[in-house]
Amino acid sequence: MTISALNRKLLRDLLTMRGQALAIAVVVAAGVSMFVMYLSNFDSLRSTQQAFYQQQRFGDVFASVKRAPASLERRLRGIPGVAALETRVVATVTLDVPGLEEPASGQLISIPAGRRPEVNDLFLRRGRWVDPARPDEVVAGEGFVDANGLELGDQVGAVINGRLRDLTIVGVALSPEHIYNIRPGEIFPDDRLYGPFWMDRRALAAAFDMEGGFNDVALRLTPGASSGAAIAALDRLLEPYGALGAIPRALQLSHWTLESELTQLQNFGFILPLIFLGVAAFILNVALTRALALQRPQIAALKALGYDNLALGWHYAKWALAIALAGTAAGVVAGVWMGVAIIDIYNQFFRFPVLLFEIRPAIVVQAAGLTLVSAAAGAFTAVRRAVAVPPAEAMRPEAPASYARSAVETRAVSRYLGITGRMVVRNIGRRPMRAAASVVGIAFATAILLVGFTFIDVIDHLITLQFSFAERQDVTVSFVEPQSSDVRYALSRLPGVLISEPQRTVAARLRAGHRFRTVGITGTSTDATLRRIIDMDGTVIPLPSNGLVLSRPLAEVLGVSGGDLVTVEVLEGARPVLQLPVAGLVDDAMGLSAYMEVGTLHRLMREGEVISGAALRVDARAEADLSSTLKQLPAVAGAGFKEAALRNFRDVLAANLNLSIIVNVFFAGIIAFGVVYNAARVSLSERSRELASLRVLGFTRAEISLILLGEIAALTALALPAGTLLGWGMGVWIAEALDSEVYRFPFMLSRPTVAWTFLTVIAATVLSALAVRRRLDRLDLVAVLKIRE
Amino acid sequence: MSVTPAVVFDVTDLTKVYRMGEVEIHALRRVSLRFHEGHFAVLLGPSGSGKSTLLNILGGLDVPTSGRVLYRTDDLTAAGEAALTAFRRRHVGFVFQFYNLIPSLTARENVSLVTEISDAPMDPDDALDMVGLRPRRHHFPAQLSGGEQQRVAIARAIAKRPAVLLCDEPTGALDISTGVVVLEALARVNAGLGTTTIVITHNSAISEMADRVVRLADGQVAGVEERTDKRAPRELSW
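Here the protein sequences line up with chains A and B, keeping their order. Residue 562 is where the first sequence starts when you use the working numbering, and the numbers rise one by one after that. Residue 172 is where the second sequence starts when you use the working numbering, and the numbers rise one by one after that.
Do not take every clue at face value.
As the list claims (entries may be wrong) - Dumping the calculated SDA-like pairs for lysine to any residue here, alpha-carbon to alpha-carbon at most 25 Å:
#, chain 1, residue 1, chain 2, residue 2
1, A, LYS879, B, GLU287
2, A, LYS879, B, ILE288
3, A, LYS879, B, PRO312
4, A, LYS879, B, PRO274
5, A, LYS627, A, LYS879
6, A, LYS879, B, SER408
Said to hold, decoys possible - Simulated restraints on C-beta separations:
#, chain 1, residue 1, chain 2, residue 2, range
7, B, SER316, A, ARG1335, 53 to 61 Å
8, B, ARG305, A, TRP875, 56 to 64 Å
9, A, LEU871, B, GLY219, 32 to 40 Å
10, B, GLU396, A, ARG1335, 54 to 62 Å
11, A, ILE832, B, GLY219, 30 to 38 Å
12, A, ASN870, B, ILE347, 36 to 44 Å
Calculated from the structure, these hints are not laboratory results. Quick reminder that beta carbons are idealized off the backbone N, C-alpha and C, glycines included.
Can you build the whole structure from these sequences, using the hints too?
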């Protein structure tokens, strides 16, 4: 097939402007790669999740209860809409894992003998199911087994109902309930320290005095059945047995985490590419407008030869489309590459049988469609303007640009500006829209960078807030059952304990009208020094002697504000139902929390000074000693060591953050470079004649560089503050989008972060300016002046 | 001559007014003229006399303010843009003072640009042969001299076998000897293909190779001269 002469012209023209074409294509590629990465990861996670849920019969509603008789199961099955149901025994125990210094926690979950669970079936990765005849056999969660380097046949010590028992791992499994595993109360998952274990129902029931009973229900609904109705019915039936409140799948922790990740992927998968493609369309427009201005005589000749407007318009539109297609191709490749890398990270956090990166052809088609549309939009005005010129007029050179003194040039300013400064100012003033667009482009780069950098700050801030202000204890101990206050003295006698602060947490359902949430009400004393209530700024919130202090999102979920009454249905002890005022709100960073003065809490519970846990300040030298002691204590359900949590947090997060910093800097750099390089190239092409004339008049290279690059510097100087504003807006918006019941991100700018952002943008600007400066140095004076413009 | 050749362009009362800001410029004032088939005509006049405007209107590149232009029996002044494009594509070959070659295409490809959109074109190589540039067909415009570029432009213009060939100062940017080579190419096309040729020039020496010389001054026809003693380009001197 022969290429037509016009298409050959297209190829060669593109080759001539390859620098600019490349700069634009790379910006397009950046947008496409994000589109492909985010949306393919979304697809991959979503389809894997759905297949896994389907295959393992993941539950729709979950409920915990203190102890319900097995006979209740029949009535539970009678709830309208229930398709399948599994009653279970679930218990949290402290584990002693070989090779692990600190105590770990395990969630023991019963599995029926002789059949597979009707709901939340296990995916057996390796090994076998437990033998009902051997009560110490367990199937362990894959994350825990892998993180601790355990093998089939290994044993893990567990304190079960006061006795230390060795559990033998006979199988390794995955469960749809535990795709994401996090120890309740922690902010970051640590597979070494927490994992699910599945035991034979009879063995587990015997160990926890649950024979003939259960304390957990998971059920599946028939299609179309309302989970709200099922929850209400379930709560009603479980109520007499110490119901802790049923939740829909949407609030199940593993599912919830996965869903919020999916939502983020979907949001970012559209917003970020749109920014990049918008910028690409803009620089395409500027580049094309200039290139077509240079082609005026050629356009005239082609028209004289009989090419019509449509043919010429299509010819020049193909310039833009070719660049867009090249960018799309590169972007798809890069997006797949990044997607694979991100899926690897997901595999650290989410446990699926197989989670592979997959890309649907539709994604590629959509990406190509999106880029082609934005490229066409960018090309439209440039091409229309060039092609619309009547042929006889196109034969004549374009009229010289009209300049005027700009508004800022008062006499005083003029003197100060000097001739170079005046040229810079007037050139910006002549094309204010183009200058503004360049500023917006660079501002976007600044904003993207700023947001990326700031979220690193924010996470750091959250860690500081959480571990240095709110939770100043070294170890947090929780008990299996509430203990009498005597335990406090026993705790303070443990090795290395310097301060011990009691804690009373009561499970309760807070209700306001038809809205409710099940939370733990934390009772603390007003003079607590370790565990305090802290708002987002690190300010300690004093506890009122009456009423509840709620975290802001909890108040929002319930639709209440300060002074309103909340119905509190306590889910343990005598299960009193109370009307309590909201005495204050705290703008805290994590979780849904409710706080009360501990004395008031005891009074309302009509109990003595019982405690359900403690916060300890510990002598670091004795930590190892303390942890081995805690592992043996039957009353202790779990012990969290701050050091271990922090170390793990930083290790895992650092790797992922570094990746996102690199990606951020790289992509923001691409935008800044693309915009600046293109702006400079266009200026150079428009003004090479003028600059060459100045050289002939005796200006030095440095001086003419100053005129051209001064313009870029001025635009960048305008863009940096604009970008800071834009970034602030984007940051606040993203923080709001990420705002959830689990995390809140305060968006705040720090001076060093702003400084680093500016430096990075300036570096990208300088790089592209240097690339153009090289051309300036090679400006052929004679040739430039000879050509007809 | 016993038989008067057919009229190709019949121009009546042609007026063209440009507005340049607040000033009206009368480029053409009620010009009436005829051009005959197969003739080699020269439009002579100083710059600003309206000859380029006339040529552009004849070629369908521009439209008059008033008056009428007939191409054979078609009224160009009544034609829309699409019709004018079709007219140029089918019947007109253009040669410009500054050649207007596409710099990114070779000589042969510049000619192909035209042959690809024409109904019964010549082979691009034959067109280049006519201007004596076949050996240079793979060169880019930047690798050709001014005279060679102009000959490529002529080859490009004639490759579609146009009925009329319109040339705007084809030798304006060239020295004498190169100019002569270009004029020879034009004369060869005019004689060999019978293409009606209209050449704009401000160089009166060129008028000696014409069948008909039209003098324009200040947008008006200042004189029409029928010539019978055409001279070969080589015999011209300026």
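Cross-check of the supplied hints:
1. A:LYS879 with B:GLU287: This hinted pair holds, its Cα atoms lying about 19 Å apart.
2. A:LYS879 with B:ILE288: Distance of about 19 Å is within 25 Å: holds.
3. A:LYS879 with B:PRO312: holds (24 Å)
4. A:LYS879 with B:PRO274: holds (18 Å)
5. A:LYS627 with A:LYS879: Violated, at about 70 Å.
6. A:LYS879 with B:SER408: Violated - the C-alpha atoms of SER408 of chain B and LYS879 of chain A are around 48 Å apart, more than 25 Å.
7. B:SER316 with A:ARG1335: 53 to 61 Å: About 31 Å separates the Cβ atoms of SER316 of chain B and ARG1335 of chain A, which means 53 to 61 Å is violated.
8. B:ARG305 with A:TRP875: 56 to 64 Å: violated (32 Å)
9. A:LEU871 with B:GLY219: 32 to 40 Å: holds (35 Å)
10. B:GLU396 with A:ARG1335: 54 to 62 Å: holds (59 Å)
11. A:ILE832 with B:GLY219: 30 to 38 Å: Roughly 59 Å apart at Cβ, these two residues miss the hinted range, so it is violated.
12. A:ASN870 with B:ILE347: 36 to 44 Å: For ILE347 of chain B against ASN870 of chain A, whose Cβ atoms are near 40 Å apart, the range 36 to 44 Å holds.
Against the hints set out earlier in the document, violations occur for numbers 5, 6, 7, 8, 11.
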